[in-house]
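Protein sequences, first through last, are from chains A and B.
Per the working numbering, the first sequence starts with residue 316, numbered consecutively.
Per the working numbering, the second sequence starts with residue 316, numbered consecutively.
By construction, these hints were calculated from the structure, which means they are not laboratory data.
Any given hint could be a false lead.
Stated by the list, open to error - When the alpha-carbon atoms are kept at most 30 Å apart in a straight line, the in silico BS3-like pairs for lysine-lysine are as follows:
#1 Lys332(B) / Lys398(A)
#2 Lys463(A) / Lys318(A)
#3 Lys398(A) / Lys318(A)
#4 Lys398(B) / Lys359(B)
#5 Lys468(B) / Lys332(A)
#6 Lys332(A) / Lys359(B)
#7 Lys468(B) / Lys332(B)
#8 Lys359(A) / Lys398(B)
There are 2 protein chains.
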Amino acid sequence: MRKRLYIALLHSPVYNKGYEVITTSVTNLDVHDISRAARTYGVKRYFLVHPQETQRQLVEEMIRYWVTGFGSEYNPDRQEALKLLELVADIEEAQRRIEELEGQTALTVVTDARVHARSVSYQEMRERISRGDMPYLVLFGTGWGLVKEEIEKADVILHPIEADSDYNHLSVRSAVAIILDRLMGSWR
Amino acid sequence: MRKRLYIALLHSPVYNKGYEVITTSVTNLDVHDISRAARTYGVKRYFLVHPQETQRQLVEEMIRYWVTGFGSEYNPDRQEALKLLELVADIEEAQRRIEELEGQTALTVVTDARVHARSVSYQEMRERISRGDMPYLVLFGTGWGLVKEEIEKADVILHPIEADSDYNHLSVRSAVAIILDRLMGSWR
């Protein structure tokens, strides 16, 4: 597999409902659903990004149950998905890990609700990933989404998921599944 | 909008991990995530199918909070998504509701992990839905999925979501998001 796709779920800095910058708590299903989608679509690693060590430790303990504890025998499919998960404090740490693994820093990719002058289509992004010459790291935000500064800093901004819809409040779990399918899925 | 797509999430009869036929409990996030995806993609109604009245009542109470209670003011986006939700005891009841709304019974659509002789592509299904001459009801199973009899009874069987992957254990929430995007999404 030449495709080198990484994903990261950020719990900070993200917006809350009132567009204040906050840190969210880790949600159990963000760990499980997104790991399973990542494994299905051949993502190389899923970084759970949280600045607080206590939150990261809590998740480490939960993962241990599924990866080496009783859960690994009870449900080996979960084990396989959760092996992709790695806990990091910030995007920089995720990038350092990718550099260790790939010898290259990844280009960062985000989606936004708005179309930007430099927005890239899913078709084009698919082709870039297929070329395999660069690793890519797709960033997702919990809460009400990634802060503006993170969107602007990203190397690639994708088109909105459903620009024509009058409603755009997908859960981050749904958004990850849809974007992985668009970028990596093989369907007819 | 001429597209007449309905979805139903079945809690019975479905398989458990050992392929025994069971009834599952309602999961909070199956209500919220799937309602939001349904609303985003213009699904006409989301049927939550559970044979037990107590389970249906529990969900009704939760919905009331978001649709007419405090939650409706606090988070009107949730309200809008949850308005699509309807609780029914079985597929037949969902079909009777569709008949009331459309004057026609819907053709049922399922996905399966295997390719069947009569499996239909997503592209073809998209075109059929766009034609708008029939309502369609896509059935999803909780637990380890819809029982074989329901798959065989369905009018349309779609291709597996990711036939080329060596891993196919998406959550039902992810599967719904992906399939709605394939059938109804407008992306480039």
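Check the hint pairing Lys398(B) with Lys359(B) against an upper bound of 30 Å on the C-alpha distance. 10 Å, holds
Assess, step by step, whether the Cα of Lys463(A) is no farther than 30 Å from the Cα of Lys318(A), and give holds or violated. 28 Å, holds
Lys332(B) paired with Lys398(A) [C-alpha distance capped at 30 Å]: At roughly 21 Å apart (the allowed maximum being 30 Å), Lys398(A) and Lys332(B) satisfy the hint.
Holds or violated: Lys359(A) with Lys398(B), Cα cutoff 30 Å? Distance of about 38 Å is beyond 30 Å: violated.
Going straight from one Cα to the other, do Lys398(A) and Lys318(A) come out at no more than 30 Å? 19 Å, holds
With the threshold set at 30 Å, check whether the alpha-carbon distance from Lys332(A) to Lys359(B) stays at or below it. 27 Å, holds
Tell me if the straight-line CA distance from Lys468(B) to Lys332(A) falls inside 30 Å. 44 Å, violated
Assess, step by step, whether the Cα of Lys468(B) is no farther than 30 Å from the Cα of Lys332(B), and give holds or violated. 22 Å, holds
Violation of the numbered hints given earlier is confined to hints 5, 8; the remaining hints are satisfied by the structure.
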